[in-house]
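A.B. asks: The task is simple: from the sequences and hints, build the whole structure.
Protein chains in written order, with the numbering used here: chain H, 1 to 497; chain Y, 1 to 490; chain A, 1 to 97.
These are calculated hints, taken from the structure and not from any lab test. No false leads were mixed into what you were given.
Which chain H residues face chain A? A few, computed with CB under 10 Å, are given here:
{"hint": "1", "residue": "Asp106"}
{"hint": "2", "residue": "Asp157"}
{"hint": "3", "residue": "Val299"}
Computed from a predicted model, the values in this text were never measured in an experiment. The beta-carbon is built from N, C-alpha and C at its ideal position, and this holds for glycine as well.
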Amino acid sequence: MSRQEIMQDARLQKRGMSKMSREYETVIGLEVHVELATKTKIFCGCSTAFGGAPNTHTCPVCTGMPGSLPVLNKQVVEYALAVGLATNCSINQYCKFDRKNYFYPDNPQNYQISQLYLPICHDGYVEIEVGGVKKNIGIHEIHMEEDAGKLIHDPWDDCSLVDFNRSGVPLIEIVSEPDMRSAEEVIAYLDKLRLIIQYLGASDCKLQEGSMRADVNLSVREVGAKEFGTRTEMKNLNSFKAIARAIEAERDRQIDLIEDGKKVIQETRRWDDAKEYSYAMRSKEDAQDYRYFPEPDLVPIVIGDEWIQKMKDIQPELRTEKQQRYKEEYGLPEYDIDIITASKHMADIFEQTIAICGNPKEVSNWLMGETMKLLKEQEMDADQISFSPANLASMIGLINKGELNRSVAKDVFKEIFIHDIDPVSYIEEHGLKNVSDEGAIKATIEEIVAKNPQSVADYKAGKKKAMGFLVGQTMRATKGKADPAMVNKILRELLEA
Amino acid sequence: MNIMSLTAVELGKRIKAGEITVVEAVKAAIDAIEKKEEKINSFVTVDREAALEQAKKVQKLIDDGQLSGPLAGVPVAIKDNMCTEGLLTTCSSKILGNYNPTYTATAVENLQRAGAIIIGKTNMDEFAMGSTTETSAYGVTRNPWDIGHVPGGSSGGSAAAVAAEECIYALGSDTGGSIRQPSSFCGVVGMKPTYGTVSRYGLIAYGSSLDQIGPIAKDVTDCATILETIASYDKKDSTSMKREVYDFTSALKNDVAGMKIGIPKDYFGDGLDEEVKKNVLDVAKVLEKKGAIVEEFTLSLVEYAIPAYYIIASAEASSNLARFDGVKYGYRTEEYRGLHNMYKKSRSEGFGAEVKRRIMLGSFVLSSGYYDAYYLKALRTKALIKAEFDKAFKKYDIILGPVAPTTAPKIGDSLADPIQMYLGDIYTVSVNLAGLPAISLPCGTDKNGLPIGVQMIGDCFEERKIIQAAYTYEQTRDYARCEIAKEGDE
Amino acid sequence: MANIISDETIEYVGILAKLELSEEEKEQAKQDMGKMLDYIDMLNELDTEGVEPMSHVFPVNNVFREDAVTNKDESELTLRNAPEKKDGAFQVPKTVE
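C.D. replies: Okay, here's the thing in C-alpha cells:
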C-alpha cells in the first residue's frame with residue numbers, strides 16, 4: 001500500500017469506521033522564487049556574486065539609505081520575459097512595480113519592491129509527466145521582485161546579525177495554479193521549471209543553495225467536492241525530499257483536523273525537516289497587511305512586440321530540442337540522452353568535451369557510467385560537476401592512443417572528477433602510463449613464468465584457464481599498467497615456444 | 001559694503017572680478033549667522049571650518065581659471081533634508097539627530113562642482129511635513145520680518161536665512177508648496193521646477209511623486225541661475241527627466257507683450273485675505289499694462305486638491321519613512337524588549353507628533369479595505385486635476401494667483417488645528433499633483449508689514465515663461481529688505 | 001458623515017506603522033484621524049467614474065540600467081551610521097523564525 005493508503009487505513013481503524021468512508025484529494029499550488037543569474041542587483045550596480053564578507057556588496061540603494069533611489073536592471077526584465085515565453089505565458093506589455101510594506105530587519109527599506117497589480121507574465125503552463133501520464137500545470141503569474149538580506153542568529157549575544165549582500169538580488173516569483181495533486185507532481189513540476197530556467201541561463205536553480213526556493217500551498221478536500229478547502233502555506237523546504245515529506249505530513253495533519261471536526265486555519269507554517277513536522281509562523285506582531293501601492297520611484301515598463309520577438313529569436317536550445325538533436329547528430333540511445341540532458345550543466349560538459357575530442361559515444365559512456373557512479377557516491381547533483389571538459393577530453397585522447405588502459409583510466413577519472421587534475425601530467429607523476437614497452441613486459445612475463453611452473457604445465461596440458469592466471473599475475477606485477485593485448489601476445493608466444 | 005546684501009549673481013561677478021575673495025564672502029555669511037541666529041534659528045548645522053577650507057580651495061580654482069561659473073565662490077545654505085556627505089543631515093528630526101550621510105545629493109553635488117560653498121543646513125518642518133517650520137525637533141524658525149510670526153514651511157529655515165541675509169541663497173524642497181509658501185511669507189523668491197527637472201537622488205523622500213528641489217533667493221535672476229546649475233538628467237533617479245533645454249537665464253527678459261495670463265476665479269473666493277487678494281490682483285494689472293493679456297477663468301476642482309494631496313503624500317510618506325527603524329542608522333531607543341518593541345519605541349520616540357499623524361493616516365488609507373476608496377480615488381482626482389491644468393494651458397501661457405490665503409501667522413497659532421493648517425496649502429498643492437513649475441515672488445506687504453507673495457504657474461517644462469513673467473514684474477519694484485537684514489549694514 | 005475611529009483601528013494602524021502611542025496620544029490620534037477622514041471624505045462628491053488612477057505625472061517608460069558592476073566594497077560606508085554592529089553586520093534583537 002502507498003503511504004497515503006496506510007495512513008488512510010490507520011485513520012479509519014482509529015475511528016472504527018468501515019472502509020466505505022471519505023477519500024481526500026490533495027490540492028497543491030506552488031510559489032517558486034528563483035534568483036536570477038545577473039551580474040548585478042535589480043536596482044543598483046552592486047555585485048550579486050555569492051560569498052563575500054558581510055555587507056561588502058552593498059551601497060546606499062540596497063541598504064535603504066535615506067535619499068537613495070532604485071534604477072531597474074534591464075537584464076532582469078529580459079530573463080523574466082525569457083522564462084515567461086518558455087512557459088507559454090502571456091506577457092503584460094504594460095507592467096509596473098509596487099511596494100509591499102512590512103517591517104523586518106532583512107528588508108532595509110521595510111518595503112519590498114515587487115509586482116502585484118500588473119506582473120510581467122500571466123496565464124502560462126508547464127507540461128509534466130508522472131507515471132507515464134502527461135499533464136499541464138498552470139502558471140498563474142510570474143513577477144519580478146527584490147530579495148531580502150540575510151539574518152544570521154548569533155547565539156553568543158543572543159541577537160541577530162543582518163548582512164545586506166543578498167538584499168536587492170533579483171528574483172522572479174512563479175506562482176502556479178493549484179493544479180497539482182501529489183508530491184510526485186510537485187517534484188515533476190519543479191524539475192521541469194528548473195530545467196527550463198537552467199537552459200535559458202536565467203538561473204542555476206539550486207534548491208540547496210537557495211537560488212530556487214519553493215513555498216507549498218496545500219489544502220485537502222473530499223474527492224468529488226467542488227470547492228477548495230482552506231489552504232496553508234509551507235516554507236523552509238530545502239530539498240525535493242523535504243518537499244515530499246512536508247506535503248505528506250501536511251495532508252495528514254489537515255485530514256486529521258477535518259475528521260476531528262476542527263477547521264483548518266489559513267496560516268503560514270514552517271517545515272522542520274529534521275523533526276519532520278511543521279509549526280505555525282504567524283505572529284500577532286505582523287498584521288500581514290502589505291498595503292501595496294504603485295512604486296513612485298520607478299516608471300512603468302512597456303514591452304513592445306519587437307522586444308518580445310527578439311526574446312523569442314534568441315531563446316537558446318531548450319532541453320527537448322537538445323534531445324532531438326543528440327538523437328539525430330550523435331545517434332545516442334534515448335535513455336542516455338535523457339540522463340545527459342537532465343542537467344544543462346552535464347549537457348554543456350558533454351558538448352564541450354566532444355568539441356575537443358569528438359567521440360560522442362565514448363564521452364557519453366564516461367558520463368553515464370563513472371560520472372553517475374561518482375555523483376551518487378559523493379552525494380552530489382549533476383549541477384555540481386566541477387571538472388573541466390578539457391581534462392576528460394584529454395584522458396579520452398590518452399586511451400585512444402593506447403597510453404592509458406581502461407581499468408587504470410577509471411582511477412584517473414576519479415581524480416579528474418574530484419580534483420580536476422590534468423591527466424597527462426598526472427599519469428607521468430604517478431607512473432600510470434601504459435607499459436607498452438615490449439622488452440619490459442617480456443622481462444616481467446619471464447619472471448612470472450619462472451615463478452609459476454605449475455601453471456605453465458597446466459596450460460601445456462590443455463588447461464587454457466591457466467593462461468588467464470598468468471595474465472592476471474602479470475597485470476598485478478605491472479600494477480595493471482601493462483597493455484593487456486600485448487601481455488597476451490607475448491605470453492602466448494612464450495608458452496607456445 | 002554689506003556683502004550679504006548682494007544677490008548670488010552680483011556676488012559671483014565681484015568674486016570673479018577679484019573685488020571680493022571667497023573667504024571674505026564666507027566669513028561675511030558666518031558673521032551674519034553668528035549675529036542673527038539667536039533671533040531667527042534658521043540653521044540646524046553650521047560648518048564654519050569646512051566652509052572656510054572649501055573657500056580657500058575654490059578661490060584657487062577660480063584664480064586658475066578652472067571655475068568660471070556665475071555661482072563660483074558664493075556661499076549657499078542647504079535644507080536639512082538633502083544628504084551632504086560628512087555634514088550632519090537631520091530632516092529636523094530626532095530620529096536622524098546623529099545621521100552623517102555617506103554620499104551627497106546630486107543637486108548639491110552640482111552646486112559644489114560649480115564652486116558653491118555650503119555654509120550649513122537649514123531648519124525645516126520635520127521630514128518636510130508642515131507649513132510653518134514649527135514641527136522641527138530643533139526649535140522654531142522665526143520670520144525675520146516679525147519674529148513673533150512663522151517663516152512658513154517646510155523650507156522655513158532656507159527662506160528665513162535668505163530674507164535675514166544670513167546666506168546669499170538657499171536650496172529648499174517643495175512637495176505641496178514648501179518652497180513657495182515660505183518664500184512668500186519671508187518676502188523672497190522661490191521656485192519649484194517641473195517634476196523630474198532636478199534629481200531627487202539624495203533628497204530624503206517625503207512624497208516621492210511630488211517632491212522637487214528648488215532655489216530660494218533674493219531675485220528671479222538668482223533663481224534662474226541656480227536652477228540652471230542644479231538641474232540635470234541623473235541616471236541614478238529613474239524619475240529624472242531629460243530636458244531638451246537647460247537654459248533658463250536667457251528667459252530673463254523684461255517683456256510680456258502678448259503673454260496670455262489666466263486668473264482662476266476659484267482662487268479668489270472665501271478664505272482669501274483681502275490684502276493678499278488686492279496685492280496679487282495688482283500684479284496682474286501691472287503685467288497687463290506691460291502688454292500681457294489677462295483673463296479670468298474657472299480652473300475647477302480646486303478644493304479637491306488638498307484631500308487628494310494629503311492622501312497621496314501621507315501614503316507615500318508612511319512607506320518612505322518606514323526605513324527609520326533604528327537598525328541601520330539614526331536613533332535607536334535605549335531600552336527595548338525584542339525586535340518589534342525596538343521598532344515601536346525608536347520610531348515613537350524619534351518622530352514628532354505631526355510626522356506620526358501623517359504616517360498613521362498614510363498607513364490607514366493604504367490598508368486593506370481602504371485602498372480603493374482613498375488611495376485610488378486620490379489618484380483619479382489627481383488625473384482630473386492635471387487634465388484641468390492641461391485644458392487651461394491650451395489657452396494661457398501662465399496662471400497667476402496667490403501663494404497662500406494669508407500672510408505669515410503667529411507662532412503657535414497653526415498647530416492646534418491641523419485641518420486649518422492644511423487648508424492653507426490650497427493654492428500650492430495642485431501644482432505638485434500636476435508636476436508643474438511655479439514661482440513665488442514678493443508683491444507687497446500687509447498692514448503689519450508682513451510680506452505677500454504672488455504665484456506664477458507654468459505648463460510642464462515651461463519654466464522659461466514663468467521666469468520671464470516674474471522677471472518682468474520684478475523690474476517694476478525694488479527688493480524690500482527686512483530690518484534684521486539691514487542689521488548687517490555698517 | 002462623521003468617521004468614528006475605534007481603539008481597535010488605532011491599535012491596528014499602530015502595528016502597521018510600528019508606532020506605540022500613549023493613552024493620551026491614542027485619544028488625540030482617534031480625534032485627528034476622524035477629522036482628517038471627514039475632510040478627505042469630501043472626495044466622494046467628485047465623480048471619478050471611468051478615470052484611470054494616475055501614478056506618474058509624465059508618460060515616461062522603460063528607464064533601465066545595464067547589468068554591469070559599478071560598485072566596489074562599500075562596507076565601511078554602509079556600516080558607518082549603524083547604531084549597533086558586530087562582525088561587519090548590523091546587530092538587532094533576536095528575530096524569531
